[in-house]
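Every letter in the sequence shown is one number past the one before it in numbering that gives the first Met the number 0, and letter 43, counting from 1, is 42.
Keep in mind that the hints are not guaranteed to be accurate.
[Stated by the list, open to error] Label pairs and their computed distance ranges (CB to CB):
id, residue 1, residue 2, range
1, ASP351, VAL113, 21 to 29 Å
2, ASP351, VAL248, 17 to 25 Å
3, ARG169, ALA396, 30 to 38 Å
4, ALA396, ASP37, 20 to 28 Å
[Unchecked claim] Derived PhoX-like pairs: lysine-lysine, alpha-carbon spacing no greater than 25 Å straight-line:
id, residue 1, residue 2
5, LYS382, LYS410
6, LYS423, LYS382
7, LYS410, LYS423
8, LYS96, LYS121
9, LYS121, LYS382
10, LYS121, LYS52
Everything labelled a hint here was simulated from the structure, so no lab data went into it. All of these numbers come straight from a predicted model, not from anything done at the bench. Virtual Cβ for every residue (Gly too), placed ideally from N, Cα, C.
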Amino acid sequence: MIGLMNQPSANSRQGRRRRQRLDRKHVLGLPQLRFIEDMLGHLRATYDHPNRKLYFDEMVIALLVAFYNPVVRSLRGIEDASQLPGINQHLDIDAIKRSTASDALAAFDPELLVPLIASLRKQVSPRHVDAADPTLRGMLERLLAFDGSYFHTAADVSWALRERHGRNGRLRGRVRLNLHLSVRDGLPIGVSVAGQGDPSEPVTLLDEVQPGQIVVADRGCFSHDTVHGLLNRQADMVLRLQQGIRCDVIAERSLTQEDRAAGVLHDQTVLMTGCKSRHAAVPLRLVTLQPSAKQGDSNRDPSLISKPHSTIRLLTSVRDDSVAAWMIGHLYRRRWDIELFFRWLKSCAQWDHLLSQSRNGMLMQMYVAVIGTLLLSVCSGRKPDRYSFNLLSLAAAGHGSIEDVLAILQKRYAERDRDRERRKRRQQNSTR
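Work out the full structure, taking the sequences as your base and the hints as a guide.
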């Protein structure tokens, strides 16, 4: 099934079964591995030792097999799958035992996968941002969304967060996956795993921020230190404020008819109160929106309509007069893209069950999920969705080639594009 790996060195394989190198034209299953063949060989070399039986690259491939096969969602499932002839013929051991896989997940350094993730991101086809206004399009190109999502794990993981299960009152452990997402292509840039005693979301938000980016985040990620850190990094922000945070209004900016139509109530220049940093005197912009959204808006955030009598306050460093207030609201609504990604990861890919109790193992599993997601995008030319995941999972099982998959996806995407255009025309006709 997987024959796209480098040959192991002879001095580290004496006396052990050697897998045969297969011709690429005879390879079935996981055709995406050709994009990462060289990197897998590098991973093999990092933990090369005569006494080692399971290597880093084999563990990555086992996790990729699990990612593309939703029925394999446990170490026991990986152990069973590794004994199938189509997979086992490319391994140097008879099976990847549960205990061996658990030890490997705890021992291998997941940060070695970061260069692979960066390399795959460079292979992703550039995306066209769908925005008529050139100013808004330029900001969407730089928009970086951040949020965290919780994954449940065994309660005996010492560093996991604790919560009581609503049904039986038992303690359950959970960890938080912190994710930075490029809104332009809908793909992750960086991930981290946090538990008890780890930095909070406002602190973690600053990890992947680069100068010139615009960071959008919900109210749980706001703090004065976050604002201070973003300004220090010469990055802009669109952060939702909690209701209890106050700002001193310096000036009221005028609203256009388009701003009012988009639900903008106030556009103000403000100073933060309660901030002791040197940025306390830096004027910022506060855009207040009414909590409503148009029906049929694909980027609608349910949090905008959950409380009909509350308002949405967005603090931003974008004070350019060419940027209208309604554009700030649009940037915040695009934060919902990261929620859609979490939904895709947990519901469509069913990658919500953690296989390890160690921090290394959990982070490695998440890195492999990012690698699998990027491979979907590289192969299909679009951001990952249910169609590409289902078809490429079938290809990974040996039921077709990558060429077969791409031909079907092109037809499916053409149908979706035609449906989208029809919906746009109906909306335009209804507003006339």
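- request: Provide an ascending list of the numbers of those earlier hints which the structure does not satisfy.
  value: 2, 8, 10
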